[in-house]
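**Q** For chain A, the structure is supplied; the task is to place chains B and C on it using the hints.
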Amino acid sequence: MRHGPCEGRPVPFLQRSDLCLVVCGSLLSCADRPREVAPAPGPQQGATTVHEPEKLVSVESAHLDSLGKPVRVRCATCHAIRDAGVFPESTDGLREFHAGLVVKHGPLSCGSCHVLLSGGEPTLHLSDGTHLMTQDTMRLCAQCHGPKFRDYSHGTHGGMTGYWDLSKGSRTRNHCVDCHDPHSPAFAPSRPVLPPRDRFLPSAHERSERSHG
Amino acid sequence: MDKTKRRTLKVLGGTLGATAFAYALEPLTAWTKEQSLDEFLQRHYKELSKSELEAVLRRIEQKTRETYGVDVHVTDLHPQEGVEFGYALNLSVCIGCRKCAEACHKENNHDRATNNSYIRVLEMDQGTFDLEKGTTTYDHAVPAPGKYYLPVQCQQCDNAPCVKVCPVQATWKERDGIVVVDYNWCIGCRYCEAACPYHARRFNWQKPQVPAAELNPDQGYLSNRVRPQGVVEKCTFCLHRTRAGRLPACLEACPTGARVFGNLLDPDSEIRWVLANKRVFVLKEELGTRPRFFYFFDT
Amino acid sequence: MSLLQPGELNLSYPRFALRLVRRAFLGGVRFYATMTVLTCVFLVGVNAWAHQLRSGMVVTHMTDHVSWGLYIANFTFSVGLAAGAVMMVIPAYLYEDEEMHDVVLVGELLAIAAIVACIGFIVVDMGRPDRMWHVIPGVGRFNWPISMLTWDVIVLNGYLILNLHIVGYLTYMKYLGVRPRRVFYLPFVFLSIGWAISIHSVTAFLYSGLGGRPFWNSALLAPRFIASAFITGPAFVIMLLYAIKRFAPHFRFTDEPMQLLASILRVTILVNLFMFGSEAFTLFYSGGSHAASGRYLFLGLDGRHGLVPWIWTAVGLNLASAVLIHSHPSRTNPRVLLAACACAFAGVWIEKGMGLIVPGFVPSTLHELVEYAPSLVEWRVSAGVWAFAAMVLIALLRMVLPVLSGELCEARPSLRSVPPASSRRESEVS
Numbered sequence: 026m027r028h029g030p031c032e033g034r035p036v037p038f039l040q041r042s043d044l045c046l047v048v049c050g051s052l053l054s055c056a057d058r059p060r061e062v063a064p065a066p067g068p069q070q071g072a073t074t075v076h077e078p079e080k081l082v083s084v085e086s087a088h089l090d091s092l093g094k095p096v097r098v099r100c101a102t103c104h105a106i107r108d109a110g111v112f113p114e115s116t117d118g119l120r121e122f123h124a125g126l127v128v129k130h131g132p133l134s135c136g137s138c139h140v141l142l143s144g145g146e147p148t149l150h151l152s153d154g155t156h157l158m159t160q161d162t163m164r165l166c167a168q169c170h171g172p173k174f175r176d177y178s179h180g181t182h183g184g185m186t187g188y189w190d191l192s193k194g195s196r197t198r199n200h201c202v203d204c205h206d207p208h209s210p211a212f213a214p215s216r217p218v219l220p221p222r223d224r225f226l227p228s229a230h231e232r233s234e235r236s237h238g
Numbered sequence: 060m061d062k063t064k065r066r067t068l069k070v071l072g073g074t075l076g077a078t079a080f081a082y083a084l085e086p087l088t089a090w091t092k093e094q095s096l097d098e099f100l101q102r103h104y105k106e107l108s109k110s111e112l113e114a115v116l117r118r119i120e121q122k123t124r125e126t127y128g129v130d131v132h133v134t135d136l137h138p139q140e141g142v143e144f145g146y147a148l149n150l151s152v153c154i155g156c157r158k159c160a161e162a163c164h165k166e167n168n169h170d171r172a173t174n175n176s177y178i179r180v181l182e183m184d185q186g187t188f189d190l191e192k193g194t195t196t197y198d199h200a201v202p203a204p205g206k207y208y209l210p211v212q213c214q215q216c217d218n219a220p221c222v223k224v225c226p227v228q229a230t231w232k233e234r235d236g237i238v239v240v241d242y243n244w245c246i247g248c249r250y251c252e253a254a255c256p257y258h259a260r261r262f263n264w265q266k267p268q269v270p271a272a273e274l275n276p277d278q279g280y281l282s283n284r285v286r287p288q289g290v291v292e293k294c295t296f297c298l299h300r301t302r303a304g305r306l307p308a309c310l311e312a313c314p315t316g317a318r319v320f321g322n323l324l325d326p327d328s329e330i331r332w333v334l335a336n337k338r339v340f341v342l343k344e345e346l347g348t349r350p351r352f353f354y355f356f357d358t
Numbered sequence: 025m026s027l028l029q030p031g032e033l034n035l036s037y038p039r040f041a042l043r044l045v046r047r048a049f050l051g052g053v054r055f056y057a058t059m060t061v062l063t064c065v066f067l068v069g070v071n072a073w074a075h076q077l078r079s080g081m082v083v084t085h086m087t088d089h090v091s092w093g094l095y096i097a098n099f100t101f102s103v104g105l106a107a108g109a110v111m112m113v114i115p116a117y118l119y120e121d122e123e124m125h126d127v128v129l130v131g132e133l134l135a136i137a138a139i140v141a142c143i144g145f146i147v148v149d150m151g152r153p154d155r156m157w158h159v160i161p162g163v164g165r166f167n168w169p170i171s172m173l174t175w176d177v178i179v180l181n182g183y184l185i186l187n188l189h190i191v192g193y194l195t196y197m198k199y200l201g202v203r204p205r206r207v208f209y210l211p212f213v214f215l216s217i218g219w220a221i222s223i224h225s226v227t228a229f230l231y232s233g234l235g236g237r238p239f240w241n242s243a244l245l246a247p248r249f250i251a252s253a254f255i256t257g258p259a260f261v262i263m264l265l266y267a268i269k270r271f272a273p274h275f276r277f278t279d280e281p282m283q284l285l286a287s288i289l290r291v292t293i294l295v296n297l298f299m300f301g302s303e304a305f306t307l308f309y310s311g312g313s314h315a316a317s318g319r320y321l322f323l324g325l326d327g328r329h330g331l332v333p334w335i336w337t338a339v340g341l342n343l344a345s346a347v348l349i350h351s352h353p354s355r356t357n358p359r360v361l362l363a364a365c366a367c368a369f370a371g372v373w374i375e376k377g378m379g380l381i382v383p384g385f386v387p388s389t390l391h392e393l394v395e396y397a398p399s400l401v402e403w404r405v406s407a408g409v410w411a412f413a414a415m416v417l418i419a420l421l422r423m424v425l426p427v428l429s430g431e432l433c434e435a436r437p438s439l440r441s442v443p444p445a446s447s448r449r450e451s452e453v454s
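Protein chains in written order, with our numbering: chain A, 26 to 238; chain B, 60 to 358; chain C, 25 to 454.
Simulated from the structure, these hints should not be mistaken for laboratory data. You can trust all of the hints, since none of them are fake.
As a list, the in silico DMTMM-like pairs of lysine to aspartate or glutamate whose alpha-carbon atoms are at most 20 Å apart:
id : chain 1 : residue 1 : chain 2 : residue 2
1  : B       : Lys-192   : C       : Asp-326
2  : A       : Lys-129   : A       : Glu-114
3  : A       : Lys-193   : B       : Glu-140
4  : A       : Lys-80    : A       : Glu-121
5  : A       : Lys-193   : B       : Asp-135
6  : B       : Lys-165   : A       : Asp-223
7  : A       : Lys-193   : B       : Glu-143
8  : B       : Lys-109   : A       : Asp-57
9  : B       : Lys-223   : A       : Asp-57
10 : B       : Lys-92    : C       : Asp-154
11 : A       : Lys-173   : B       : Asp-357
All values derive from a computational prediction rather than experimental measurement.
The shape of chain A in the complex, shown without the other chains (with noise of 0.2 Å):
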């Protein structure tokens, strides 16, 4: 075999490290930067408030402010000074602001829940008597819901913003009467929002034409 004209040559020693040092150096470019670790999450210092819906002190009128949304009227407006007489056989007997109040909750009634009470706010009460501040509701639902309280104090039930980590900052949860009306708890069905309008996808107006005709 013929020789090469570099063989048998010695190589010069800095040929050979400057070599080294591009394979080093290649080597270490590709090599990662040791992660950075953001610390634990400390001890907690953000507190967790319940929301309160206007519904458990006010009640709405019939008149509209200039944003159109019903001006509210405090339930105190009212009942402080005057007495509530006696609960109605049914709502049809509900009279002023409570007119065409729409009772949808299983079998119960007015006194259920409410207190008929002279002067003062109104309140609410206990199965065993105990009475309430209408601030106080989720108790009154939680002694029948109890299993949806246990998932609302646990957090899998009635959503929350702010934040996970309680070390961080603080989350506001919402109130059973955010969503439930608690004379008509039943959710609302609603319109779905954002539908998907990806390319070639078939809506659903398309898609039920085609499995009918």
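**A** Positioned in the frame of chain A, the structure of chains B and C alone reads:
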């Protein structure tokens, strides 16, 4: 044919060919203008030094300012010690309103025209778990009688097929359990999209179009910054929010509280309570992907 | 190599290659006309691709639901073509069939052109071809050995180099008029046989390794790929040999290799049909939602049947090719043989292309039914890639065939010109 004639013809043919070639490539002139050398030579996220990464973040902010006229803040939040994220979804409570998908759409600067979102909600017939009977394009009041709703997004699998198949390691699992994509490293081969069993990945078929006024300025390098054209993206559990301790956008938007998010390593977290007390299951368990996204029905 | 003068070693091979390249681009009116047409098609493809790169892949009809389409279908098919083209190596070298040797080179040239097509189809399918360097081992981040795609990068490029070496070496030796030394090509030839199997198996594993896609998630996929590769390769080579016979009659091939290839086809077409049938049986007999893609492919699903005409055309073509090639006239009448080859080739193109890639995505993993039909841009780009590969093939053939026929050889007296037969044997022994 004599030689000069032949040569003339050859030169003519060559010139014509070269001109035609240049003309054919003409659309690329606009494309090359958008590319910068810095971006072209940028190394993989994991290889960038602190200062290099800083420069990259500022460059992205600068570019967004030039394109949209909006000041955005691009961060690179690190995974937290002692934190691994998990997500659970209560199918008994979900009403299929797609508010989560909408929140994702806005939070993550998705393309407006396509209504893109990392979440797809399937309307399912009660009594079946056959996805084939589900539909995503339902358009009537929800919840509809006889139906339940199954929102699906990235399951942040521990044994993620998408991570396995990526030829350039452009996608990987972070130590807090989130599978991320380096949008500046992805080559756009879409193998991960073929590999994902949950339809969790999206490809930027074109540059996402978001009106400047609607741009979410709180952006993460690995999450919701405006993505380049031709790369794959996915749900990151909103890591620009969750690594700062905040809840993901989809959870905050959920009107019924069907969604539960938290730290799997914290025994007092809500997610741990769900895992301990509900009969949870994962989607397509038989594939062995080991998701960190759990579903359950109320008992 | 001791037969070269000192100082010439480094230059003579490039000089030889350059001479061949120059030679490849000299030709008659018909040659220039063909190349002009192919160049035009190629340029249309280049233009469409440039357009796709600028506007984004939204100009294709691929979606997040069907994220691979015509490009990957053609890629899969061309890998098969490349693998199958080397099929002829087996009879030539394993069974020492001397008649086959020249034909083998034609097959290897076809393999090179097919690999060029593969690489082309991968590049046009990439969302960011500018980031190609991320795939280069050592420079980018190569997810080897976990990602099957990195295996594909290795085996495809390795196969290209392997074939370039074998063809280059054998042609060069012929050019020099020296008997090739076995040690310089035979190991590579055997390696290329294994490698041919591997390129197609790895391509099949690309799909069959995805648990979320039941249509692909079948152990039979790799064997099916190999069987169908051994249809397309020989079928194309038969057609190519006839074309050479017709357009360049001075290159003489005997009929024997062609008959041998036809015999191979007789087996592989049946094997492929059998595997196709077993796959269909498993799908339909067990049923369930895993068969949804199969139902969509063969019968249509939920009122959508975009692929039904394609796949039944493929079935028809495959059956027709089986009947034709087993009919007696295929042994005597070249037209019948050619028709059988054309049918088999087209049938596999559909079956393994659109018929395999697209149903993997329909219905999607969440069982959404989004159909796919290639856009005009995709057709243009694909035509461009094929045209480029065809140009490569024609150029390679025009480079290599004149050497094989002895028309072109190293004529300088300083090197040994065609040595007498006795001395050739001597060099073989030494």
